[in-house]
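Those protein sequence lines, which keep their order, are chains Z and E. Note that the working numbering gives residue 26 to position 26 of the first sequence, counting from 1, and the numbers run on in steps of one. Note that the working numbering gives residue 94 to position 94 of the second sequence, counting from 1, and the numbers run on in steps of one.
The hints are simulated quantities; they were obtained by calculation from the structure and are not laboratory data. Just so we're clear, the structure is a prediction, and the values are computed from it rather than from any experiment. Fair warning: there could be bad hints in the mix.
[Unchecked claim] List time: in silico DSS-like cross-link candidates among lysine-lysine, alpha-carbon distance up to 25 Å:
#1 K143(E) to K50(Z)
#2 K50(Z) to K95(E)
#3 K33(E) to K86(E)
#4 K33(E) to K13(E)
[Said to hold, decoys possible] Residues on chain E that point at chain Z, a partial pick, calculated with CB under 7 Å:
#5 C54
#6 D55
#7 T105
#8 L131
#9 H139
#10 P140
#11 L141
Where is the CB? At the ideal position from N, CA and C, for every residue including glycine.
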Amino acid sequence: MAANTETMTINMGPQHPSTHGVLQLIMELDGETVVKATPHIGFLHRGIEKLSEHRTYHQTIPLTDRLDYLAPMSNNLGYVLAVEKLLGITDEIPERVQRIRVIMTELTRLKSHLVWLATHALDIGAMTVFLYCFRERENITDIYEKVSGARMTSNYFRVGGLADDLPDGLEGEIRTFAESIPAHVEEYEGLLTGNRIWQKRTIGVGEISAEAAIDIGITGPALRASGVDWDLRRDNPYSGYEDYDFEVPVRDGCDTFDRYRVRLDEMRQSARIILQALDKLEPGPTLADCSKVVLPAKQDVVNNIESLIHHFKIVTEGFKTEPGEIYQGIEAPKGELGYYLVADGSAYPFRMKIRPPSFVNLQGLPQMVEGRLLADVIAVIGTLDVVLGEIDR
Amino acid sequence: MTDQAIVEKLKGKFSSEVLDVVEFRGETTVTVKKGQIVDICTFMRDEFGFNLLCDLCGVDYMGTSPRFMVVYNLYNITTKQRMRIKAPVEEQDAKIDTVSTVWGTANWHERECWDLLGIKFNNHPDLRRILMPADWEGHPLRKDYPLQGPDREPYKGRLS
Chain Z
1 MAANTETMTI NMGPQHPSTH GVLQLIMELD GETVVKATPH IGFLHRGIEK LSEHRTYHQT
61 IPLTDRLDYL APMSNNLGYV LAVEKLLGIT DEIPERVQRI RVIMTELTRL KSHLVWLATH
121 ALDIGAMTVF LYCFRERENI TDIYEKVSGA RMTSNYFRVG GLADDLPDGL EGEIRTFAES
181 IPAHVEEYEG LLTGNRIWQK RTIGVGEISA EAAIDIGITG PALRASGVDW DLRRDNPYSG
241 YEDYDFEVPV RDGCDTFDRY RVRLDEMRQS ARIILQALDK LEPGPTLADC SKVVLPAKQD
301 VVNNIESLIH HFKIVTEGFK TEPGEIYQGI EAPKGELGYY LVADGSAYPF RMKIRPPSFV
361 NLQGLPQMVE GRLLADVIAV IGTLDVVLGE IDR
Chain E
1 MTDQAIVEKL KGKFSSEVLD VVEFRGETTV TVKKGQIVDI CTFMRDEFGF NLLCDLCGVD
61 YMGTSPRFMV VYNLYNITTK QRMRIKAPVE EQDAKIDTVS TVWGTANWHE RECWDLLGIK
121 FNNHPDLRRI LMPADWEGHP LRKDYPLQGP DREPYKGRLS
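Bound-form chain E, shown alone:
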């Protein structure tokens, strides 16, 4: 099934959820509302065979609203096809439902996303920090987190 066909079916099933579809360098990205993300991911897995969640991560678009984007890179091992789902998350309500019930691998990816970007995952079985120490304050991959770390002179760029 082509990417377009998948997108059409997805739009048919979740017409009010799909916000945007972009194709860039042959890759299709579908932006959806976060409300039904678990249903959408389950649909993608069961209906189109996206059985492997390659990667899950967050992106911080500081200065825009909504501030964060949670990105799901999917893969279908049978048809060797890729697809990307994205869901915007507001800064004031930095939460989204966990998809670790859909793909077990999401567990650690979501922990990492919480640790580095401060996005919470509702109903996550074990939402602890994973890379940073347990008592760390702040979320280092946020754009307003200083590169040199807290309590240090800010990084002024390599040319200054």
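Just chain Z, same shape as in the assembly:
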């Protein structure tokens, strides 16, 4: 009997637990081998770039929370840094603000990596890790709630500063948590790294060379696992990252297993950065001294008529910027998150283009899975760590 060599096209998503949101993949299969994979995106498109053109600079901050909803403070940071660069007030940001921003974005990196590890492991069949990771993530959401009032969409950073100072006693809580991280990462590694099933599902799966990864635009931990030693926090420092002593984990396996190890090492480094930032944290103002731009402190608004007027004007009219254009990239948990802002001198961004890391990384998926088994597609979606909120915007 002659073998049947016809290919079969199957659909996966947009409603599928393993696609991490509303990602749709159309796959052409020859038996169990993927011949062609075509991602379809846009199911979560909310027009954030269009909306931002009709809002003042401050009003856009809550929209950025909803890009990568697993790492809201990283999105906040990229945006406020971009606006501060556009205004030319980057050097006027107080030290305490920069330290708190670093602490919160590194906690965000941990939060994002914990969800990545939890869901990635769950997809490949390791249920326990999911429960462990969400236990630690809960602590970070509690910290989020204490600083910003929200557990996910934090909206905590402001142009020129922070919404509020850290509440009393929280520094100690963050320190205790950061100190516990290395032991927890040990725990996850104990469950996975030496596990033969985990190794079989990840080693050699979804390989991509450094040249191919750069060509397709992959950034962040996925690029560092292909042997490219590049991290924006170290190489183009922002928010005072040059003050901290940390390593950039790089591995050259180019596969799912090494991407997993790079991210776990990054979690250890994040904990180191948080502890250093806490050591260096001194009391001080949490808003820059730029009264035309920065919202006055709440205490002044209720006690002082001048601040009240300022507050009213900034909230209703916004602030105007010089005409010009800037690009600000930061090292978000998933890769380079960039904001390209064009200003025409009004109180609204003329054009805001977001460069979401997941959008670009997902573009590498077809070449990572074609020629491999269908089951590997699940592992590759997990290892790319995509979030559809920022892909579709």
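Assemble chain E onto chain Z, guided by the hints.
Chain E alone, transformed into the frame defined by chain Z:
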């Protein structure tokens, strides 16, 4: 190599193509004619090592001529340097050559630019809509596209 040196070399090689050079907040933007955009991008990649195309997008300057600007944000992973190239595109002839042969990552960025702004990319391998549904009419990021979408009362601003 400093930004100025790169710009000088670029001007030397493509003297009739470079329209404008602007420096703002320490970032250099070079505006070039769209005709030789692929050659210019290849030159930037091979000569100066801008191996990563961070971002590609379009901007709609409605009311001015040319109406659109296609923007290329480049990065050099070795020297950690950034540079921006821009090319104006006319409304009547909203087309520009694809750079997806220079950087593979341009593929999806150009699809998005076509989808949201209606700028076509010549020789693009797969120019389909990417974020909007395939049968969508219009290009939402154009300035004359209503914020509320078609068939709805126009947005009158948040203060009215």
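Hint check results:
no., hint, in the structure
1, K143(E) to K50(Z), "holds (9 Å)"
2, K50(Z) to K95(E), "holds (22 Å)"
3, K33(E) to K86(E), "holds (8 Å)"
4, K33(E) to K13(E), "holds (14 Å)"
5, C54, "holds (6 Å)"
6, D55, "holds (4 Å)"
7, T105, "holds (3 Å)"
8, L131, "holds (4 Å)"
9, H139, "violated (11 Å)"
10, P140, "holds (6 Å)"
11, L141, "holds (6 Å)"
The structure fails to meet hint 9 from the earlier list, while all remaining hints are met.
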